[in-house]
Every structure is written in structure tokens, then in C-alpha cells.
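**Q** Read off the chains here:
There are 2 protein chains.
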Amino acid sequence: MKLYFATGNRHKYEEASRVLAEYGVELVQLTRVPKLEIQSSSLAEIALTAARAAYLELGEPLIVEDAGLYIEALNGFPGPYSSYVYKTLGCRGILKLLEGVKRRDAYFESAVAAVIPPYEEVFVARVRGIIAREPRGGEGFGFDPIFVPRGDERTFAEMGLEEKNRYSHRARALRMLGEWLRSRKIKRAQL
Amino acid sequence: MKLYFATGNRHKYEEASRVLAEYGVELVQLTRVPKLEIQSSSLAEIALTAARAAYLELGEPLIVEDAGLYIEALNGFPGPYSSYVYKTLGCRGILKLLEGVKRRDAYFESAVAAVIPPYEEVFVARVRGIIAREPRGGEGFGFDPIFVPRGDERTFAEMGLEEKNRYSHRARALRMLGEWLRSRKIKRAQL
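Those sequence lines, one after another, are chains Y and C.
Okay, so the first sequence: first residue is 1 according to this note's numbering, each after it adds one.
Okay, so the second sequence: first residue is 1 according to this note's numbering, each after it adds one.
Warning: the hint list may mix true and false statements.
Which copy is meant is left open, so a pair is good if it fits within one copy or across any two.
Claimed, not checked - The calculated SDA-like cross-link candidates involving lysine to any residue, where the alpha carbons are at most 25 Å apart (straight line), are:
hint, residue 1, residue 2
1, Lys12, Lys87
2, Lys35, Asn75
3, Lys35, Pro135
4, Lys102, Tyr23
5, Lys12, Gly100
6, Lys102, Glu120
Hints in this document: simulated from the structure, not taken from any laboratory.
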């Protein structure tokens with residue numbers, strides 16, 4: 001079965017396509033559709049609004065994924081604006097904000113919105129962890145070099161893609177989608 | 001003439017209503033209309049999209065204003081997400097990001113979008129200045145305590161409303177709107 005993924009981010013596409021392949025889904029990257037992103041504290045709402053708008057353009061079953069890093073000592077910052085904050089402040093900016101801060105708890109959240117008529121579904125998953133003292137590792141993207149998932153000592157950027165996908169918020173939200181597709185027996189007919 | 005201002009921010013409403021009174025406009029605060037805010041690097045686009053959506057709900061001539069603080073050493077951060085960053089990091093977070101940074105240039109930008117059928121207009125104004133070393137003053141709101149406009153030594157929060165409105169980005173964008181209304185002779189008939 002074939003499903004479109006509206007994203008300009010090649011890394012995200014690669015992560016997602018590896019996970020959904022386990023469910024027999026062939027994911028196709030869609031970069032041409034302009035992405036409508038609203039400002040909201042809810043990633044689920046941001047992703048669903050974007051998916052609906054993309055569906056109106058494309059007319060084919062698709063998913064949109066939005067993710068954010070929520071740092072407790074910073075009242076959830078950068079949250080839904082993680083991508084903008086990564087581009088402007090980077091990992092260094094986050095580390096500077098946390099200088100002298102002892103509680104470094106954080107979580108990554110991923111919201112995967114699927115518009116597969118007649119269905120609209122959003123799958124949300126989180127992975128808890130802490131913010132490292134300094135960036136480590138050359139894999140992954142975004143804030144991966146400063147995020148250490150609970151149960152490990154390495155940052156996401158120190159793991160290979162398969163290892164990261166064992167923990168990752170995005171992989172888990174995508175697996176929820178995969179299970180849902182399987183349980184609904186949504187096969188080539190609908191997709 | 002009567003014009004609606006879609007905003008939940010009482011401070012903004014007071015600033016704006018004082019300025020537009022100079023042009024014979026009676027500004028009415030509109031808090032009930034849900035505000036559609038998109039993610040964009042352009043305040044003008046954010047304000048215009050919100051104004052169009054509000055007009056579809058209300059059906060009366062209205063304005064929406066969006067503002068942001070752009071700090072050069074932080075690649076424009078917090079920019080269009082200033083309100084979110086103020087709520088999470090506050091002035092202290094901005095000062096921490098600028099610790100040890102010599103170039104403290106910044107500007108405030110304001111975009112006022114007006115939907116007054118058959119017209120749609122956006123007025124954009126900026127005020128340049130620097131980020132203070134520490135918060136000063138008890139007036140104003142948001143990042144006012146750390147912004148010193150060029151040509152003065154006081155922060156916006158150390159000025160009274162009338163003084164601030166002599167410099168302010170918001171007041172200047174609103175005056176552009178006022179002049180435009182006057183030049184078009186848009187009077188009670190249309191509003």
C-alpha cells in the first residue's frame with residue numbers, strides 16, 4: 001500500500017519510511033505541497049490542520065508529522081516551535097539556557113496526523129529523557145545531539161537509525177499508525 | 001467611526017485605542033473571536049491570515065495586530081514567536097542567551113492587518129534599538145523591560161504610554177492605518 005508523507009525533511013522521511021515498511025506501507029515523500037502550519041500549543045492540532053490542508057491540495061491519502069522537544073525547566077520551551085528554535089538558537093542556545101540548571105528533564109513528542117478518507121486520525125507518542133551537558137554524536141538531526149532517552153546514556157545522535165527508532169517518539173507514533181492500518185485492514189483498496 | 005480589534009491582550013488594545021483616537025476611530029476590543037495564527041516568518045502574513053479568518057466569523061470591519069522582537073545575535077529569535085517565548089523563557093531567558101554577547105542590536109516589528117471590505121491592507125513598522133543588560137521599569141508588557149529604542153536610554157517599560165507611543169512599532173503601524181483611513185476618506189459609511 002502507498003501513502004504520501006508531506007514533509008520537506010529528508011531525515012524524517014527516512015526514519016518514517018523505515019518504520020512503516022514493517023507494516024507493508026510504501027511511503028512516498030511529498031515536498032511540493034505548501035504546508036499550512038498553525039500556532040498552537042497542541043502538536044496534534046498543528047499536524048491535523050496541516051494534513052487536512054494538504055489533502056485538499058493533493059486529494060490522496062497522506063500523513064503529516066510534527067514533533068517538538070519539551071524541556072521542563074523552561075516551561076515546555078521550545079515545544080511546538082522546536083524547528084524554528086533549532087534554526088535560530090541551535091543546540092548551543094538550549095544548553096546556554098540550561099547553564100546552572102540541575103533538573104534537565106525533557107521529552108520529545110511526535111504527532112502523526114493521517115487523512116485517509118473516510119478516516120482522520122492523530123497518533124501521539126512521547127519519549128522521556130534528559131538534556132545532555134554538551135552535544136554528542138553525528139547521527140540524526142535537530143536536537144538529537146543533546147537528548148538522552150531514559151534507559152540509555154547515549155544521545156539520539158550517538159545511535160544508528162534502527163537503535164534510535166527503538167526509542168523514538170516519531171517511530172512510536174508511526175507504529176501506532178501502522179497497527180491501526182493493520183487492524184482496520186486498510187489495504188491497497190483504500191490507499 | 002467604529003472598528004473592531006481582535007485581541008485578547010488588554011495592553012495592546014489600550015495602546016492602539018489611544019493612537020487611533022487621534023484619527024477619530026473608536027476601537028472596540030473583540031475577545032470572543034477565536035484567533036487563527038499560522039506559523040510563518042512573516043508577521044504580515046500571520047496578521048493578514050488571522051484578520052481574514054476573524055472577518056469570516058464576525059462580518060464587521062476589523063484589525064489584527066501581531067508583533068515580534070528580532071534580536072540580531074540570535075538570528076532573529078524570538079521573532080514571530082515572541083509571545084510564546086515571553087511566556088516560557090521571559091526576559092530572563094533572553095538575557096541569559098545574550099550573556100557575554102557584545103552586539104545587542106534588535107528591533108521590534110508590528111504588523112497591523114485591516115479587513116475593511118473591499119480593502120485588505122497590512123501596515124508594517126519597525127523600531128530599532130538594543131537589548132538592555134537587565135530588565136528595567138514597570139510599565140508596558142512583554143519584552144518592554146529589556147528593549148531600549150535608539151535615541152533614548154530608557155527601556156520601553158520605563159516610559160509612560162504616550163512617550164512609548166512616540167517611538168513604538170505598534171503605534172507607528174497604527175498611524176499608517178490612521179493616515180490611510182483618512183486619505184481614503186473611510187468614514188462611518190464604510191465602517
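**Q** Now tell me if each hint is right for this structure.
**A** Hint-by-hint comparison with the structure:
1. Taking the closest pair of Cα atoms, Lys12 and Lys87 come within 25 Å of each other only inside a single copy of the chain (16 Å); across copies the shortest separation is 29 Å, beyond that limit.
2. Taking the shortest Cα distances, Lys35 and Asn75 sit within 25 Å of each other only across copies (23 Å), while inside one copy they are farther apart (27 Å).
3. Within a single copy, Lys35 and Pro135 get their C-alpha atoms no closer than 30 Å, and across copies no closer than 38 Å, so neither meets the 25 Å cut-off.
4. In this homomeric assembly, Lys102 and Tyr23 never come within 25 Å of each other (Cα to Cα): the closest approach is 41 Å inside a single copy and 53 Å across copies.
5. In the homo-oligomer, the alpha carbons of Lys12 and Gly100 never lie at most 25 Å apart, since the shortest distance is 32 Å inside one protomer and 35 Å across protomers.
6. When the C-alpha separation of Lys102 and Glu120 is checked against a cutoff of 25 Å, the pair qualifies neither within a copy, at 41 Å, nor between copies, at 50 Å.
Hint compliance for this structure: hints 3, 4, 5, 6 are broken, all remaining hints hold.
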